[in-house]
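Peer 1: On the provided structure of chain B, position chains F, R and X as indicated by the hints.
Residue numbers (our numbering), protein chains in the order written: chain B, 1 to 81; chain F, 1 to 81; chain R, 1 to 81; chain X, 1 to 81.
Heads up, some of the hints might be wrong.
Some but not every residue of chain F turned toward chain R, in silico, with C-beta under 7 Å [what the hints assert, rightly or not]: (1) Phe22; (2) Trp41; (3) Ala42; (4) Val44.
Since the hints were made in silico from the structure, they are not lab data.
As the structure is a prediction and not an experimental result, all values here were calculated from the model.
We treat Cβ as the ideally placed atom computed from N, Cα and C, and that holds for glycine.
4 protein chains.
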Amino acid sequence: MWEEKENALHRTILFKDFSEAFAFMTRVAFIAEKMDHHPEWANVYNKVVLKLSTHSMGDIVTEKDRKLAAAIDKLGSVFFN
Amino acid sequence: MWEEKENALHRTILFKDFSEAFAFMTRVAFIAEKMDHHPEWANVYNKVVLKLSTHSMGDIVTEKDRKLAAAIDKLGSVFFN
Amino acid sequence: MWEEKENALHRTILFKDFSEAFAFMTRVAFIAEKMDHHPEWANVYNKVVLKLSTHSMGDIVTEKDRKLAAAIDKLGSVFFN
Amino acid sequence: MWEEKENALHRTILFKDFSEAFAFMTRVAFIAEKMDHHPEWANVYNKVVLKLSTHSMGDIVTEKDRKLAAAIDKLGSVFFN
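Same shape as in the complex, but just chain B (with noise of 0.2 Å):
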């Protein structure tokens, strides 16, 4: 699902609408903040771009991102058909 390449985890997912994403994004959100540790993330209609790396270690990929990553993947089940 997730792609790693140039330092950071990608992922692209789409959504049956807006408001479909943006309930993601809103779940998405709260992990982040939750956990401290924030996505770089687009958004256009139904469609979300993801990517994570860790900004106060020099843009790599840590476990951090892992972490964040393993726990959008665990909404998957409600979100992702």
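Peer 2: Only chains F, R and X this time, still in chain B's reference frame:
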């Protein structure tokens, strides 16, 4: 699912946790704002209590409430398992 | 601002409209999730009613509630005009 | 505030932190959903980058984009200090 009593549609939903409950609320909020018809609702942790009635019509159940209820039910395939 | 009665902190806030009320709720939701201490709250259109108490301590007001109340008050400069 | 270039309206906004940035995004999301006209946007921590254009018209700036930009500006008194 919805109970009609005392001139309102009532429904209580339990989620896994607060984060899932609030993501559901965000989706309902979008629908409500788009319809310009808003619920009376309460939340504590994983529980959301909804009450739908039309204030401008003297707090009775109208077609607007039934449409909002139906739209919330359509979220069901994603959220209510 | 907060009234302490019946073993809980109470506050009612009126916003301009639903959209502003729900944006406020989103911010409170983030704080609550981060603190792992969640409010009992209700909303209808532009009104948000908050009730804070600590369930695990037998529904009394504890330091957790005072911290959550203070964090909500800090949002005030942005939201409560 | 908005810069028009390459057939789109652009604006970058810095907030205090992620929580404030995402609350702003939530408000924009409501407006967008109500207008049925959605932004292309990106976020990392406290930064939100907006790009508005009309896809159905061949990715040019239309009246829809100007209306969305104006509605976002109206949030300004609350969010942009």
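Peer 1: If a hint holds in the structure, say so; if it doesn't, say that too.
Peer 2: Taking the hints in turn, this is what the structure says about them:
1. Phe22: This interface hint holds because 5 Å falls under the 7 Å limit.
2. Trp41: Where the cut-off is 7 Å and the nearest Cβ of chain R is about 6 Å from tryptophan 41 of chain F, the hint holds.
3. Ala42: OK, holds: alanine 42 of chain F within 7 Å of chain R, min 4 Å.
4. Val44: holds, 4 Å
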